[in-house]
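A.B. asks: The lines below spell out each chain.
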Amino acid sequence: MPRTWHRWIPAAAAPVAIGAVVLGGVFATSASADPADKTPQQVLELAASSTVDTFSGTIEQSSNLGLPDVSGLGGSSDSGSSSDSSDGSDLSSALELLTASHTLRVYVDGPEQSRVQILDDMAERDAIRNGDDLWLYDSSDSTAVHSTLPADASTAPDASAESLTPAELATRFLDAVDPSTDVTIGDPVTVAGRSAYDLILTPDSSTTLVSSVEIAVDADTGLPLSVDVFAQGTSDPAFHVAFTSLSLDTPSADLFDFTPPAGTDVTEKALPNRDDAPAEGSATPDAGTHPEPIVTGTGWDTIVELPASTDPSSLTDSPMLSQLTTSVDGGHVLQTTLLTVLITDDGRVLAGAVPVESLQAAAGK
Amino acid sequence: MSSSDPRASGLNARRTTRSLGAGFFASELAVLFRRRRTWAMLLALAAVPILIAVAVRISSSGSSGRGPAFIDSITQNGLFVGIAGLTIAIPLFLPLTVGVVAGDSIAGEANTATLRYLLVSPVGRIRLLVVKYLAAVVFCLAAALTLSIAGILIGIALFPVGPVTLLSGDTVGIGDSLVRSLLIALYATVSLLGLSAVGLFISTLTDAPVGAMAATVVLSIVAQVLDSLSQTEWLHPWLFSHYWLGFADLLRQPIEWSSFGQNALLQLGYVVVFGALAYGRFSSKDILS
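Taken in sequence, the protein lines are chains A and B. Per my numbering, numbering of the first sequence is gapless, rising by one per residue and ending at 365. Per my numbering, numbering of the second sequence is gapless, rising by one per residue and ending at 654.
These are computed hints drawn from the structure, not numbers from a lab. Keep in mind that a hint or two might mislead.
[Said to hold, decoys possible] Partial list, derived from the structure: chain B residues whose beta carbon lies under 7 Å from chain A:
#, residue
1, Thr536
2, Gly540
3, Gln596
4, Trp599
[Claimed, not checked] From chain B, some residues computed to sit far from chain A (all C-beta separations above 10 Å):
#, residue
5, Thr403
6, Ala411
7, Ala580
8, Val637
9, Tyr644
10, Arg646
11, Leu653
[Said to hold, decoys possible] Partner residues aside, some chain B positions facing chain A, computed with beta carbon under 8 Å:
#, residue
12, Asn476
13, Gly534
14, Gly634
15, Leu642
Glycine included, C-beta positions come from ideal geometry on N, C-alpha and C.
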């Protein structure tokens, strides 16, 4: 039907139009007003002087650590053996946080009130801090953990979810900036619709696994908006966390007012009080299980060593660990693109952003 | 298809009100909802939450074992039955019924040789396509609301009803939870817009309505299989079924609207592309039946 060919024009034009809109959206986000030029030192000062402590936003986090996705390995089989494998499920939930992609929502109103929500499929994990009350809620098995902060505690112990926000993570990297780090400024970037300086931290070391860290610092407020950690020899970030939306308005106060819903399994968990620890700490058996880690090396080559404390067989016999680790001279090694963990045969644990040879050398000392 | 009576009366209705688009749309709806098949499908959908509720009621009288999260919360609150019903119906039952309605839209008229009479009367082909599509959309809404309302009613009948616990752990009152149930039904309706457009396009390709229905349903299943394979991850955000279960975001506190928006945008893209394809095919086609 040659005379009706023009009736197919809309059908041909529609995908083109949609493609143009999608690509146009990509270009539009990159072509925003550039912030005023600043030296790396000025941006570092801007980030350090950031006073934003009231905001809400959505965060996307993904990682490419070269680890297998273990989300199906241990977490779901909690029906029968949850009582005796609490260590294993803690380990698997920590690994799940590291290996899978997540969408988080954060609401922060000052240092005393915060709420982090990890949005899972058909479920959600919440960490809420309201004054001295700390709540952890997991909707998939309707459990909640409640802790009360000691009145004189200066800093709240980080909930694992909270440490995933770009601001928290960036602060750790920025605090660690020392002469072993080259700080440069890349082209301005747009994160969550805000223009930002792209701070690039490059380790001045040949032995670390980290090739560079990119931190987007909001041009207006100095709030870190995204953190990308690149490993040696990869072009995709090994760890990526960024705001996808950000509002500096005060979040609604009732978000921080958490009461566990009816039918929730609530566990009360006492937090160790630092000031009380010397007085009665010697009597508690817990004191022995948290030995002081030994830190060797400096800057990016830092190696943390945990002395043999727990029964080493409990670590090496764990089926998940034996799947993830490979056997090397003197122990088992868990190799990711950013971090190497060596579990020696005598039960010590060494970790660092360095190749396994450095860990073996440190273990042999 | 034992629907000669409603079809004839529908044609009568068309003849009297054909000058108005709204009248044509109303008569098309009358044809759709006078069909016994439409009511059978809505009843079957209503049976989904009813069966869930009855099964849970019978089996959970003694034990309090933990099942899937939604099924488990039914026993604590009957208002969850509607949501559980939608969750179970969205992957298969809803696409099945939508595939029947959308796949039948043009091919069914062609098959019963009523298509040319429709077009002989001054009903433009574009208007016919639009009205057929809108009727399918109304059916999507009716199907989602049927599931939701049937679930809530059977839940109220069989289980205690009270304030609803959201995924975030917050508790909202009954009024708020009913609003959220309505929003979830709307979300499901929006989710099916893309599939309806695909079905409409397939329906213009053939004169055999069964083939168009089957092809539409098969496509919805293929999309969901692709969505579950990690090897096709790059394709996932483009699949019309990708956000189908994203209505969980409406059960958070505060409501996370981004998945609603992304879903609506994606479905709009499907409507534009497959609407244009359907127009290209239908307007250039020789109507012989």
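A.B. asks: State for each hint whether it applies.
C.D. replies: Hints, verified against the model:
1. Hint status for Thr536(B) relative to chain A: holds, with the closest Cβ pair at about 5 Å, below 7 Å.
2. For Gly540(B), the suggested interface contact is broken, since its CB lies about 17 Å from the closest CB of chain A, more than 7 Å.
3. Hint on Gln596(B) is violated. Least Cβ distance to chain A is approximately 13 Å, over the 7 Å limit.
4. A least Cβ separation of about 14 Å between Trp599(B) and chain A goes past the 7 Å threshold, and the interface hint is therefore violated.
5. Taking the minimum C-beta to C-beta distance to chain A, about 30 Å, the non-interface status of Thr403(B) holds against the 10 Å cut.
6. The non-interface label for Ala411(B) is consistent with chain A: the shortest C-beta to C-beta separation is roughly 23 Å, beyond 10 Å.
7. At roughly 18 Å, the least C-beta separation between Ala580(B) and chain A is larger than 10 Å, which holds for a residue marked as non-interface.
8. Not every C-beta of chain A lies more than 10 Å from that of Val637(B), the closest at about 5 Å, which undercuts listing it as non-interface.
9. The non-interface label for Tyr644(B) is inconsistent with chain A: the shortest C-beta to C-beta separation is roughly 6 Å, within 10 Å.
10. The claim that Arg646(B) is not at the interface with chain A is violated, since a C-beta of that chain comes within 10 Å of its own (minimum 8 Å).
11. Annotated as non-interface, Leu653(B) keeps its C-beta farther than 10 Å from every C-beta of chain A; the closest such distance is 13 Å.
12. Because the closest C-beta pair between Asn476(B) and chain A is about 22 Å apart, greater than 8 Å, the hint is violated.
13. For Gly534(B), the shortest C-beta to C-beta distance to chain A is roughly 4 Å, which falls under 8 Å, so the interface hint holds.
14. Hint on Gly634(B) holds. Least Cβ distance to chain A is approximately 5 Å, under the 8 Å limit.
15. For Leu642(B), the interface hint holds, since its Cβ comes within 8 Å of a Cβ in chain A; the closest pair sits about 4 Å apart.
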